[in-house]
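Construct all of the structure, not just a fragment, from the sequences and the given hints.
Converting from the sequence shown to this note's numbering requires adding 1 to each position, the first position being numbered 1.
By construction, these hints were calculated from the structure, which means they are not laboratory data. Computed from a prediction, not measured in an experiment: that's the story for all the values here. Careful: at least some of the hints might be erroneous.
Straight-line alpha carbon distances no greater than 25 angstroms define the calculated SDA-like cross-link-like pairs of lysine to any residue that follow [unchecked claim]:
1) Lys90 - Arg75
2) Lys90 - Val56
3) Lys134 - Arg75
4) Lys134 - Ser80
5) Lys134 - Ser41
6) Lys134 - Gly108
7) Lys134 - Leu50
8) Lys90 - Arg51
9) Lys134 - Val59
10) Lys134 - Val24
11) Lys134 - Ala58
12) Lys134 - Ala106
13) Lys134 - Gly92
14) Lys134 - Leu119
15) Lys90 - Asp113
16) Lys90 - Ala64
17) Lys134 - Ala70
18) Lys134 - His40
19) Lys90 - His40
20) Lys90 - Ser41
21) Lys90 - Pro45
22) Lys134 - Glu102
23) Lys134 - Leu52
24) Lys134 - Val109
25) Lys90 - Lys134
26) Lys134 - Val103
27) Lys90 - Trp114
28) Lys90 - Leu22
29) Lys134 - Arg19
30) Lys134 - Arg51
31) Lys134 - Trp25
32) Lys90 - Phe136
33) Lys90 - Val31
34) Lys134 - Val62
35) Lys90 - Arg23
36) Lys90 - Gly130
37) Lys134 - Leu104
38) Lys90 - Arg71
39) Lys90 - Arg72
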Amino acid sequence: MSPLETHRPAAAGSRLSRVPLRVWYLVAGVLIGVLWAWHSGEPPWETLLRLVITVLAVRTVLAVVQAVARRMGRLAGPSLHTGWLLIAKGGLIVGAFVVTEVLSAMGVGAADWIVAALIVVVVTVFGPGLHPKLFGSAS
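What follows is the structure, given as structure tokens:
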């Protein structure tokens, strides 16, 4: 099975370990899209600051979880490549800002909702391809 087909977030053999990678990225895309729509109208610097804090928090929590797993003699899981994640999420957010501004300038009323839907599509389509760069080949 290729790394693009299944992600192993749980113990091997569990139901979660058999969930296709695209489904995980669809869920992530929906969450990011909903957050985009929810925070519509906020200044870009707040969104980018929230992005950096979130990535650093995820990195810290993952490091602690992996350390505990190693201490318990269990598989530690994939490593998170923070730089690639910041580039990918930063590019997504900057692209979303640009598209929102273009749609707003064209007079589209629901620009944030359209961009939220586009975020879901982009994350679902491109996420699995970027997965090896974001989490290494161990996933």
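Verification of the hints:
1. Lys90 - Arg75: Between lysine 90 and arginine 75 the Cα gap is close to 30 angstroms, so the pair fails against 25 angstroms, i.e. violated.
2. Lys90 - Val56: Within the cut-off at roughly 9 angstroms; holds.
3. Lys134 - Arg75: The hint holds at about 23 angstroms.
4. Lys134 - Ser80: holds, 10 angstroms
5. Lys134 - Ser41: Since the Cα atoms of lysine 134 and serine 41 sit roughly 29 angstroms apart, the hinted pair is violated (cutoff 25 angstroms).
6. Lys134 - Gly108: violated, 38 angstroms
7. Lys134 - Leu50: At roughly 23 angstroms apart (the allowed maximum being 25 angstroms), leucine 50 and lysine 134 satisfy the hint.
8. Lys90 - Arg51: The given pair, whose Cα atoms are some 11 angstroms apart, holds under the 25 angstroms limit.
9. Lys134 - Val59: holds, 16 angstroms
10. Lys134 - Val24: holds, 18 angstroms
11. Lys134 - Ala58: holds, 19 angstroms
12. Lys134 - Ala106: violated, 35 angstroms
13. Lys134 - Gly92: holds, 15 angstroms
14. Lys134 - Leu119: Judged against 25 angstroms, a Cα distance of about 22 angstroms means the pair holds.
15. Lys90 - Asp113: Holds: lysine 90 and aspartate 113 sit about 17 angstroms apart, inside 25 angstroms.
16. Lys90 - Ala64: Holds: lysine 90 and alanine 64 sit about 20 angstroms apart, inside 25 angstroms.
17. Lys134 - Ala70: At roughly 23 angstroms apart (the allowed maximum being 25 angstroms), alanine 70 and lysine 134 satisfy the hint.
18. Lys134 - His40: Answer violated: lysine 134 to histidine 40 is near 28 angstroms, above 25 angstroms.
19. Lys90 - His40: holds, 16 angstroms
20. Lys90 - Ser41: Given pair lysine 90, serine 41 holds - Cα atoms ~17 angstroms apart, limit 25 angstroms.
21. Lys90 - Pro45: Answer holds: lysine 90 to proline 45 is near 14 angstroms, not above 25 angstroms.
22. Lys134 - Glu102: violated, 30 angstroms
23. Lys134 - Leu52: holds, 18 angstroms
24. Lys134 - Val109: This hinted pair is violated, its Cα atoms lying about 35 angstroms apart.
25. Lys90 - Lys134: holds, 13 angstroms
26. Lys134 - Val103: violated, 30 angstroms
27. Lys90 - Trp114: holds, 18 angstroms
28. Lys90 - Leu22: Holds, because 18 angstroms separates the two Cα atoms, which is no more than 25 angstroms.
29. Lys134 - Arg19: At roughly 21 angstroms apart (the allowed maximum being 25 angstroms), arginine 19 and lysine 134 satisfy the hint.
30. Lys134 - Arg51: holds, 22 angstroms
31. Lys134 - Trp25: holds, 16 angstroms
32. Lys90 - Phe136: holds, 14 angstroms
33. Lys90 - Val31: holds, 14 angstroms
34. Lys134 - Val62: holds, 19 angstroms
35. Lys90 - Arg23: holds, 17 angstroms
36. Lys90 - Gly130: With Cα atoms ~14 angstroms apart, lysine 90 and glycine 130 stay inside 25 angstroms; holds.
37. Lys134 - Leu104: violated, 31 angstroms
38. Lys90 - Arg71: violated, 28 angstroms
39. Lys90 - Arg72: With a Cα-Cα distance of about 31 angstroms, the restraint between lysine 90 and arginine 72 is violated, given a limit of 25 angstroms.
Checked against the numbered hints above, the structure violates hints 1, 5, 6, 12, 18, 22, 24, 26, 37, 38 and 39; every other hint is satisfied.
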